[in-house]
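Here is how the chains run, residue by residue.
Protein chains: 4
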Amino acid sequence: MIKAGIIGSTGYAGQEIVRILLGHKDVEICWYGSRSYADQAYADIFGNMFELVPDICKGEDLEKLCDQVDVVFTATPQGLCSSLVSEEILSKVKIIDLSADFRIKDAAVYEDWYGLHHPSPQFIEEAVYGLCEINRDAIKKARLVANPGCYPTCSFFSIYPLARAGVIDMKSIIIDAKSGTSGAGRGAKVQNLYCEVNENIKAYGVAGHRHTPEIEEQLSYASGQETLIIFTPHLVPMNRGILVTAYADLKGSYSEEELRQFYIDAYKDESFVRVLKSGVNPETRWVEGSNYTDVNVRLEKRTGRVIMMGAMDNLVKGAAGQAVQNMNLMFGLEETEGLMMPPMFP
Amino acid sequence: MIKAGIIGSTGYAGQEIVRILLGHKDVEICWYGSRSYADQAYADIFGNMFELVPDICKGEDLEKLCDQVDVVFTATPQGLCSSLVSEEILSKVKIIDLSADFRIKDAAVYEDWYGLHHPSPQFIEEAVYGLCEINRDAIKKARLVANPGCYPTCSFFSIYPLARAGVIDMKSIIIDAKSGTSGAGRGAKVQNLYCEVNENIKAYGVAGHRHTPEIEEQLSYASGQETLIIFTPHLVPMNRGILVTAYADLKGSYSEEELRQFYIDAYKDESFVRVLKSGVNPETRWVEGSNYTDVNVRLEKRTGRVIMMGAMDNLVKGAAGQAVQNMNLMFGLEETEGLMMPPMFP
Amino acid sequence: MIKAGIIGSTGYAGQEIVRILLGHKDVEICWYGSRSYADQAYADIFGNMFELVPDICKGEDLEKLCDQVDVVFTATPQGLCSSLVSEEILSKVKIIDLSADFRIKDAAVYEDWYGLHHPSPQFIEEAVYGLCEINRDAIKKARLVANPGCYPTCSFFSIYPLARAGVIDMKSIIIDAKSGTSGAGRGAKVQNLYCEVNENIKAYGVAGHRHTPEIEEQLSYASGQETLIIFTPHLVPMNRGILVTAYADLKGSYSEEELRQFYIDAYKDESFVRVLKSGVNPETRWVEGSNYTDVNVRLEKRTGRVIMMGAMDNLVKGAAGQAVQNMNLMFGLEETEGLMMPPMFP
Amino acid sequence: MIKAGIIGSTGYAGQEIVRILLGHKDVEICWYGSRSYADQAYADIFGNMFELVPDICKGEDLEKLCDQVDVVFTATPQGLCSSLVSEEILSKVKIIDLSADFRIKDAAVYEDWYGLHHPSPQFIEEAVYGLCEINRDAIKKARLVANPGCYPTCSFFSIYPLARAGVIDMKSIIIDAKSGTSGAGRGAKVQNLYCEVNENIKAYGVAGHRHTPEIEEQLSYASGQETLIIFTPHLVPMNRGILVTAYADLKGSYSEEELRQFYIDAYKDESFVRVLKSGVNPETRWVEGSNYTDVNVRLEKRTGRVIMMGAMDNLVKGAAGQAVQNMNLMFGLEETEGLMMPPMFP
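Chains as they are written, first to last, in my numbering: chain V, 86 to 431; chain B, 86 to 431; chain R, 86 to 431; chain L, 86 to 431.
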């Protein structure tokens, strides 16, 4: 039985790790970390866990925690994992960091976009970007995994097959993304109150959202080309889900079916990426609660551009599910273990 | 491996049976029945099932179906199961009927409230009311189970402990219930359009909802007293969930803790009924996606009345989950098999 | 032109006063008071007011304010108006207080239910309870009006005709109320975040909500009887609207039409209370954005009880609209001036 | 007093015309036309109009109607207005058609994108495209106005200033639009049921939505250039509102403030287009219920592209409000008459 600890277990992503691990036959959670709710019963904060989780929340003491568990999930704001991690800690436990601290290989880029000093750049090189479908072998051997961001994951899967095939201009990509509100976290902010979000849609982080360099970096690896994108996220009045609608210029002439074949080829061995039937657009309702990303591509003949689309549950494949998928790989388990829950509708 | 067929698999309750059975290790679904979508791919109707369910919908031919499966779920409008069932069919398969056809022991009461002729009253006596927590032993031996209604299930669990204890006046009960919109079904009706339901709350079926006699009958069994209720359901702008707020006159003087103890005693051996901590009110978000019903009771000292509350997912414990729980009992499986999914939040 | 000041103009009710007064031909707003946003542009906080309100928010200085305006609306938490009001202030301006400070005639009851010391009980006697339909003449002469609570207003209109007619047992009343989330205010609290409220319904303040004594007091005036109620509010995932479903024992035998006639008689001269057609239930969507309260009554023959229902926009007739209606009366204007906006649907 | 008739008064746009005209001091509605609800009381269909509209719905008899009124609004599906209109009718009444029948100057393009035969192409030339801010003078003299589509209106206002200034490549434009569900109409379709739309976002009409040629035509007039766009609409779980996020390549080098100045210049005399402060993104909540369109522009320096944004209430400026604005112009009234209602929030 793998022993797991969660730092930041009382955020939405942290709680989703709990939900998933409760159904995972090889893991038990030994540490529910929370700065805000230390010493409170976990089930008093998340009533869904009543009678399922009897534990009391503990503080965020990574030193102590790493003596008790095999794997630590840090589902915390940027800066926490990178300030706590050390060689000694990594010698004891595997770490799956859900923050952005170790996602970007160039510390200067991280510091620029996040406005933070990176306290432990020496671990960036070692950290593996935890996109299982791409970095599977490296993840199996990793001590420290940087779990990808929700927008980057969905954007990447939407665009990857054409980037890899070299058929789109990597400087022409526009990603117009839409997210449910759980992506905004559980902090008490006026802008996230029910009456502020309900019956509204807005763009935010326009021309400067922090997920931009992460997406560009991964797409440049996939394409072997310098990549420059516009990324515009929007807040949608729903709890879960991310939808990506991405546009790019084609570099040659292809039929829609040829384009779709790149998707089929890219994902034919993947359990969690579904290439939809021809002409079917991804919708977030069809992936809710599951680890799937649904993707598809359309050709806009009149302009010679492509429309690449993806839908994902931001808390599952965009956060907790992907983290557990990484854990499965790191511990030699079946990659899909504990993650085969069908999407829940409605 | 138990072979299952679903008649009415393309309604919300039918689809939820599919979702649950996909995670049930002892069952395979062999027949996806649908009048509206016969000959169409199931996953074309419910995109969440893409790559999970390759089957094509078949018609509602119970005769043919019962030669191929061990159990049939009828998730159809009232009148269908009762018009199809026969001694020959029951000799071949077990039937779990999610309609009201066999819930009410007095056919005249059924015909009066539902405005339908009952075509097979000879099976009413045999049919077992499928409230597992109450009729567990009879269900284990049943060929035909009448799966309880969603409102009756949640109302019953909210009131049962005090009804059984004999401490409330069984003619004073008022049940004010609130349901998510999936309870209204998947038919194309103007009144259930997004813009009609969203940003609205209304009562419906006031002073005459068809679930009234079912609730009264079960509470009269529990209390041994004639029971007369007012039942007022409301439509709430959310997908899933039922909340019951019920009121009754106390027949004697009790403290809130004494009242709560009746709940603890009634449900201490039950896996799917959670008696919340003192002072905590049930909320539908904490049970969504799960087979739990959360209950609690409050004493209103000034008036000498009690407020009994329950929350449930109408599609799970109120329909599909309870149906699978019945199936487990009927086939000698662990009662909780395939039903231990934690509630999903948010 | 009447000059108005608003203390608490950046809450939901305060902002709704602004919206209504912008369409009122006899009033101009001279003071946008706000403790939280002092010195910020009003339209930076409420983007709907961009180019409509050029003003900067000012502090909550009632002393200074009362030299500049004719009427002050205090849309603030309990305790503020009562701590600021004085004989000198009342000699200069008329005050319409949207808090509970002057609604309850017995200061001890106020202090008990609100857990606050009342700093100016000497004004309670003078203050007029601002239910225009009931206290019209007194309001016309008032210096200080206590604007009724949202739940009390909707509850009162739902029950008043039968209370006044003396046909219901005033100790048997149960009020099960449902409110949109704007009623919870604009404070940054985790419990009011989008993901906490959406897809959920819950009761709160069970067996002890602070609006209870206010409702009881007004119904006792209407009936001439001591009144004892159970009041249970629920939080509904929608922005606006209150629905009341109230139950009571009839003291005699009446037909539904006789009962409905009491409603028609009670409201025949009222502009803002609509008695719906026989058998039609109030719905919050039909009053949204307007000053109407829709009411109706149903007889539950089997139990000899009545079901009294009302729907209202909590921010309009439940707060800002009623406040402006009071202002109209206090200044000798047409009672409906600025308030005849039709409900907005969907 | 102008006498108005509405054909299609029981759709969402038709009902919004009613709401607006009820507050218009110079107009009375004489004919509530409805094919689906003929002979039913209007207020039985839209409960918000109870006691406000006593009328009974009439059929869609344009011949008879044009003898009784001065202006007819046709808020009907495509094909109806064009099949009914005649020289005789136009000699009697002014027509404001909310369908697409007369929006596109090339009948062949209309027939191609809408898949309909155009029965009266002889009136296309005469019909004026009812974008008041652009065609004000022509509208004043028009007998037949083609009221613009909701998406085209919001898209146009978002892009127009840069198109007119000639600073963007008119073949590079990508419009990613998001709409509330009232835009899908009031027909009883499974895909628009509450549970299908709620908690979901999806693209639809990808690479082929019928509003594409209308947007292209208007932008080509504005820019004097052939225009080719990608237009991708999305369905958002909210009642009202359209948000446009549009992208284009800049043809030269401009600062964000220079770009924003084009917007200020273009709209400086307009009552209903608000250019937001620098850096503020449009949000649908700030325009709900009003005739405003909020716009702004951002420069994405890294890629040399612009992000143009607009928010609008699809039922007001996107349909009924714009229709009334057209009517005001056609009858020599103040353009803003009856349209100055502030946006309603929340």
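It is worth saying that the hints were derived from the structure and are not from the lab.
Do not take every clue at face value.
Since copy identity is lost for identical chains, a pair holds within one copy or between any two.
BS3-like cross-link-like pairs, simulated, lysine-lysine; straight-line CA separation at most 27 Å [said to hold, decoys possible]: (1) K110 / K88; (2) K256 / K177; (3) K149 / K226; (4) K336 / K149; (5) K386 / K256; (6) K336 / K386; (7) K143 / K274; (8) K386 / K190; (9) K177 / K149; (10) K336 / K256.
Hint by hint, here is what the structure shows:
1. K110 / K88: both (12 Å within a copy, 26 Å between copies)
2. K256 / K177: This pair counts as neither: shortest intra-copy Cα distance 43 Å, inter-copy 57 Å.
3. K149 / K226: within (24 Å within a copy, 54 Å between copies)
4. K336 / K149: Close neither inside one copy (54 Å) nor across copies (56 Å); limit 27 Å.
5. K386 / K256: both (20 Å within a copy, 13 Å between copies)
6. K336 / K386: Cα proximity of K336 and K386: in one copy and across copies (13 Å, 23 Å).
7. K143 / K274: For K143 and K274, both the intra-copy (24 Å) and inter-copy (23 Å) Cα distances are at most 27 Å.
8. K386 / K190: between (37 Å within a copy, 23 Å between copies)
9. K177 / K149: within (11 Å within a copy, 61 Å between copies)
10. K336 / K256: both (11 Å within a copy, 16 Å between copies)
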